[in-house]
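In case you want the letters, here they are:
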Amino acid sequence: MGSRVPLTGLQAPHTVIGINVWHIGNCLKPTSRRATFVTKIDDTYLDSLSRATNIHVAQHNRDGVRAQLERLAQMADLIMEFPLRETEEPITKLHHE
Amino acid sequence: MSDCSATEIARSVAAGERSAEAYADDTLARIRQHNPSINAVTAVTEDRALAEARDIDARRLRGEALPPLAGVPYVVKNLYDIEGLVTLAGSAMRHKSDPAAEDAILIQNLKKAGAILIGTTNMDEFACGFTTENSHYGATRNPHDTDRIAGGSSGGSAAAVSAGITPLSLGSDTNGSIRVPASLTGIFGLKPTFGRLSRRGAFPFVASLDTVGPFARSVADLALCYDALQGPDKGDPICAERPDEPVLPLLSLAGEGLRVGVLTGYFEENVEVVALAARDIALDAFKETRPVRLPEVERARASASIITASEGSMPHLDALRTHPQDFDALTLDRFLAGALIPATWVHQAQRFRHWFLRQVLEIFNEVDILISAATPWPATLIGQKEEGLNGDKLIVARSLGFLTQPFSLIGLPAVVAPIPREGAPPIGVQIVAAPRREDLVLRAASQLEQAGLSHAPVAAAFQQSEDLH
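Chain order of the listed sequences is E and X. Heads up: the first sequence runs through residues 2 to 98, numbered per the numbering used here. Heads up: the second sequence runs through residues 112 to 580, numbered per the numbering used here.
Think of the hints as simulated: they come from the structure by calculation, not from any bench. Treat the hints with care, as some may be off.
Here are the computed lysine to aspartate or glutamate pairs in the EDC-like style, where the Cα-Cα straight-line distance is at most 20 angstroms [what the hints assert, rightly or not]:
no., chain 1, residue 1, chain 2, residue 2
1, E, Lys94, X, Glu422
2, X, Lys222, X, Glu175
3, X, Lys345, X, Asp256
4, E, Lys94, X, Glu157
5, X, Lys496, E, Glu82
6, X, Lys496, X, Asp258
7, X, Lys398, X, Glu367
8, X, Lys345, E, Glu82
9, X, Lys222, X, Glu157
10, X, Lys223, X, Asp258
11, X, Lys496, E, Glu98
12, X, Lys504, E, Glu71
13, E, Lys94, X, Asp347
14, E, Lys41, E, Glu82
15, E, Lys94, X, Asp344
16, X, Lys223, X, Glu119
17, X, Lys504, X, Glu379
18, X, Lys222, X, Asp395
19, X, Lys496, X, Glu157
Could you put together the complete structure from these sequences and hints?
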């Protein structure tokens, strides 16, 4: 069961390389089967990242890419809000020796 | 002969009761007869198969001791390199690539074990999906109901075994791509510990999550195949430098002494009632169980998804820049999005992975195995976008990995064991253990099999293979 992420009104919880990823209204956690995706990714984000990475997002792909990014943004909320210790190291590759 | 096990084929070939060539001929005939209705096999390596089979027969005639899989036919997901063939990985754009210079390591290992490579199988494009509804090569159909999906991304390999075309096949599992199709097609599938089997020569999807493994219709066959696949490989940087740890001799222990944890919370809330019922049936095989609630499972799945999005797009950056039109439309959206996400998300997901691994390893001090349903539902209809889950509507392609992804994140071994349902599509249960404890998940699956609760008959419509020639 998804717990409600307390986002009300207009907030910008992340600022990423100078571009705001806007979250509007209330949203539910994206891995929940009750998830509704209301996090918005605007054209500014797509255009800026597209230039920075030299990856063109064609007009007819924009809705689909935006939908994917909005889903990922909500998943990112789940893990960005989790209180890890500052010393927690990343695992970039598992080594189950 | 469609229901012959790998164990039985290897025994009869070694005993001279039937030739490897005859088994290969039968398999080729079954592909001709059955593949049009399920679209599991994408290429047939007929000349090579017959040459390998004749070699096995010649070795027997010379009195040589035959290896453990002598004469056993198998197929592989078409992301495995096969010498002389282009490795498609489910894509159309790779048609222009050079043929592979050598076999993938796992195919080399199976050749040493005497198995006969018959061909390649359908998959989601670049292993990015859970349904094997490939826009270039068509959907693979579920042998138990050809109106339904076989699951993915290793759907062709699962369907081939479920339809009795071969007793064994190979797939790959990044977020559930062996476990999901095993569940939906009613067969056994093993996702080994991350790093346990070499991935060299298997087209990469997500470098820090990818694993490779087998499908079969019995636990003994699954173990026999897994034992043949083992072996260190310096060519895969994450392949553990460990000696082989054969599991087949341990199967007779079955459930003896196993401490069984039943996954509750998230794993009960994100499944339909039929999946929960299958899990409960499986629990009847064990004398004693205890409930286990893993912490923060939603965040674990989210972390796997973030890492998948980022790492999964990496092998395709050039293609995204130069010929994006050659991707499947949905794959393209996913890869473009993955290429554009902030590094902070990925880094935090990798940090969370460390935390989650520690929590789960603690739990394995108390239990040996964890059991849940493998998928939220049995197979959905081909083309069906949404499915209900306890009153909600979910997107099928996004949701089939609900129960598998959390364990992918931390690289644990898992087996899926099928629970047949009379007159309805099958569904599987997922059994998970601590790293490198493939023996425990296979023993638990063997316990289910011995109790008569889990079995994987060839799908009913494919059991008759008369007049093959």
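Item checked: Which numbered hints fail -> 3, 4, 5, 8, 10, 11, 18, 19
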